[in-house]
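**Student:** Each chain, letter by letter, is given below.
2 protein chains.
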Amino acid sequence: MSRFDQYFLMKPKDVIEYVIEKLTIFDEKADLECKEIGDGNLNYVFRVWDKNSDKSVIVKQAGDTARISDDFKLSTDRNRIEAEILQLEGKLAPGHVPEVYKYDPIMNCCSMQDLSDHVIMRQALIEHKKFPLFADHITTFMVNTLLLTTDIVMEHKEKKMAVKNYINPELCEITEDLVYTEPYNNYRDRNIVFEPNLEWIKKEFYEDKELHLEVAKLKFDFMNHAQALLHGDLHSGSIFVKPDSTYVIDPEFAFYGPIGYDVGNLIANLIFAWANADATILDEAERIDYMTWLENLIVEIVDLFKEKFLKAFQENVTEILAKVEGFDQWYLDTVLRDTAAVTGLELSRRIIGMAKVKDITGIEDEAARLRAERICLTAAKKFIKQRDTFKNGKDVIANVKKVEKQFSR
Amino acid sequence: MSRFDQYFLMKPKDVIEYVIEKLTIFDEKADLECKEIGDGNLNYVFRVWDKNSDKSVIVKQAGDTARISDDFKLSTDRNRIEAEILQLEGKLAPGHVPEVYKYDPIMNCCSMQDLSDHVIMRQALIEHKKFPLFADHITTFMVNTLLLTTDIVMEHKEKKMAVKNYINPELCEITEDLVYTEPYNNYRDRNIVFEPNLEWIKKEFYEDKELHLEVAKLKFDFMNHAQALLHGDLHSGSIFVKPDSTYVIDPEFAFYGPIGYDVGNLIANLIFAWANADATILDEAERIDYMTWLENLIVEIVDLFKEKFLKAFQENVTEILAKVEGFDQWYLDTVLRDTAAVTGLELSRRIIGMAKVKDITGIEDEAARLRAERICLTAAKKFIKQRDTFKNGKDVIANVKKVEKQFSR
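Same order as they appear, the protein sequences are chains C and W.
So that you can map any letter, position 31 of the first sequence is 31 in my numbering, and since no number is skipped, the others follow by simple counting.
So that you can map any letter, position 329 of the second sequence is 329 in my numbering, and since no number is skipped, the others follow by simple counting.
For reference, chain C alone in the conformation it holds in the complex (with noise of 0.2 Å):
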């Protein structure tokens, strides 16, 4: 008999007694602390460090409610989806995605290895920091764990158990609701607009209705099209980095869905970081320098990212029509023009929707951070209207660049 064989929610005192009981990480010397850092709504993040050596361990609980409220059920089973997806994720890109020591389906909790040498990348992207080996990480990850997770690769027949394994109502409920219903017509009235940009924001989003059946297309394909196993939640909050390394957390929205939902979900947190640096850096030549980094950054990501899609493409796949000539660039391209939708999608709800990104919101100077959500809204219309017209990089920075260039500092 162990405290632990019923679900209670922990607090520091109680995780260390776990990890000595459950864990073999920590030895009898080990003068254990423990600390609460979860920042998120859903869950509760707890680091457990030695004193007397340099180990240390995360363990992640999933509350059956949010931390935000009592009221908001959750079913715990998102952390059993974050733990298997890692471990899969783990051998697809090893060394992109946290080890998992144990996942206790009782305690609903994950033991995982620690990252804080790193830091997240969207915090160091607002102190302008570069990561020269990023863009090869992340595109090394994303076309690993998405392409071969879809039917070119998997055997059928295990490929669809993947998607049972995989459906996740809740958390696809919250990404439908937050990134492809409200930002179109606040009908929960959670939006949070600033003030001055109202107006605007109900001409050309509440009121744009070739937009709004634009995005109904788009729902569909993100409710309906089972191509990959999604990261689903792919920002640069979801990113732990140093120079030298690159690793992607908290993959509980994970399920069955269009590849272009994840490649479009980090474009568009890199493009914040990109309106971010334009807003806030005041020396024009500090400014030009990290901007010109981050869309060198966004380019080379896109443009690699095509690249290792078709070579792994070809090198993996096992799906007899999927050989067909010219199959491997429409299949691309459908990812691509998913891709630049997402974008839309994503630079569009961060702004609108209730649930903001430092990049923007951590702009203090008023006019600079409208004329920010403004830039970042008028490219997002593009990129989902004309979503067809994105084929690399260029393309994808190009509308960025034109769209900062019609409003006036």
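Think of the hints as simulated: they come from the structure by calculation, not from any bench.
Treat each hint with caution, since some may be false.
Note that the list lumps identical chains together, so a pair holds whenever it fits in one copy or between two copies.
Said to hold, decoys possible - Here are the computed lysine-lysine pairs in the DSSO-like style, where the Cα-Cα straight-line distance is at most 30 Å:
| # | residue 1 | residue 2 |
| --- | --- | --- |
| 1 | LYS382 | LYS129 |
| 2 | LYS323 | LYS209 |
| 3 | LYS157 | LYS209 |
| 4 | LYS394 | LYS217 |
| 5 | LYS323 | LYS203 |
| 6 | LYS51 | LYS242 |
| 7 | LYS157 | LYS356 |
Take the given structure of chain C and dock chain W to it, following the hints.
**Tutor:** The following block gives chain W in isolation, referenced to the frame of chain C:
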């Protein structure tokens, strides 16, 4: 304890004992007889009737190997899927699926309404019978079972659980192979082509790379597009008819896929009946009369489907973005495009592949049969390659009639 607490493959005398023990249909004075009437490859179908009354029942049991070969292992889960789907379809389209009396997960059998007063539609069409209410009935069945199981109508989390519940890897694999692969490359050397057409089929199907690319796109749509809960095998051999009554049976291929798969399957098999009439009715007036009836039937099915689909869409839509102006018509257009494509795929695979239809194989005059095959296959290629151009029933039938005129008798 009962003999039926453990699975075994029943013989007719076992089935009589089974229905007495498990069902309440027959009273103690019943004098029961039983006959195995199955003619499919996968299941055993028993009819039990009481010689002292008009009561009867069908008991359908799934084997764990195919009837044609013990080496062909199959999960008996298809019997659960069939029983659950019949009950669900019975709620969505009452009076068009047999009533389920009992599903037995131990014996892997389903006891259901006996439809022996009906005839299998394929056979009736080969005998040149007419069914004036069929278009109305089958379009109600299709619109209700398909549209009402989409994200347009269903609560999205419930819909995802339905997708999960009806993941059907083995039966989908059969379709992926027979419909979406083998007719285009004969890669398993299982195709059966009558010699005089062999060279023509090699050139028109095995060597047409443009066609292969389109089929590859369609195959991925079939595998990945979880749009609606399909019947999955909606040909004229899965439909029981009387002049005033239509029942759809055998939904064991059911899964979440593209709506056009069911509609196209049906249309293709009506085209086979039309090709059969063209080839076998020697009296010209009689032939024209029956072909015209079939042409009008196909036009009516497509156009009634469209009309009922849009009406049911407006009456049942719950998804907020699906209410956007123009979305219903765009969505229906994608269904019609998929319908045309699947019409072409089904026409092809039933002539080239190993699973033939009697409408064609039953044409005794060889020249007439070869002509019928080429008419179907030529129309099929246009249905696949130009699938975007078929917007109504007239478009569909015009393709077939135009091709028919190209091949002299």
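**Student:** Tell me, which hint numbers fail for this structure?
**Tutor:** Of the numbered hints given earlier, the structure breaks none, since each of them holds.
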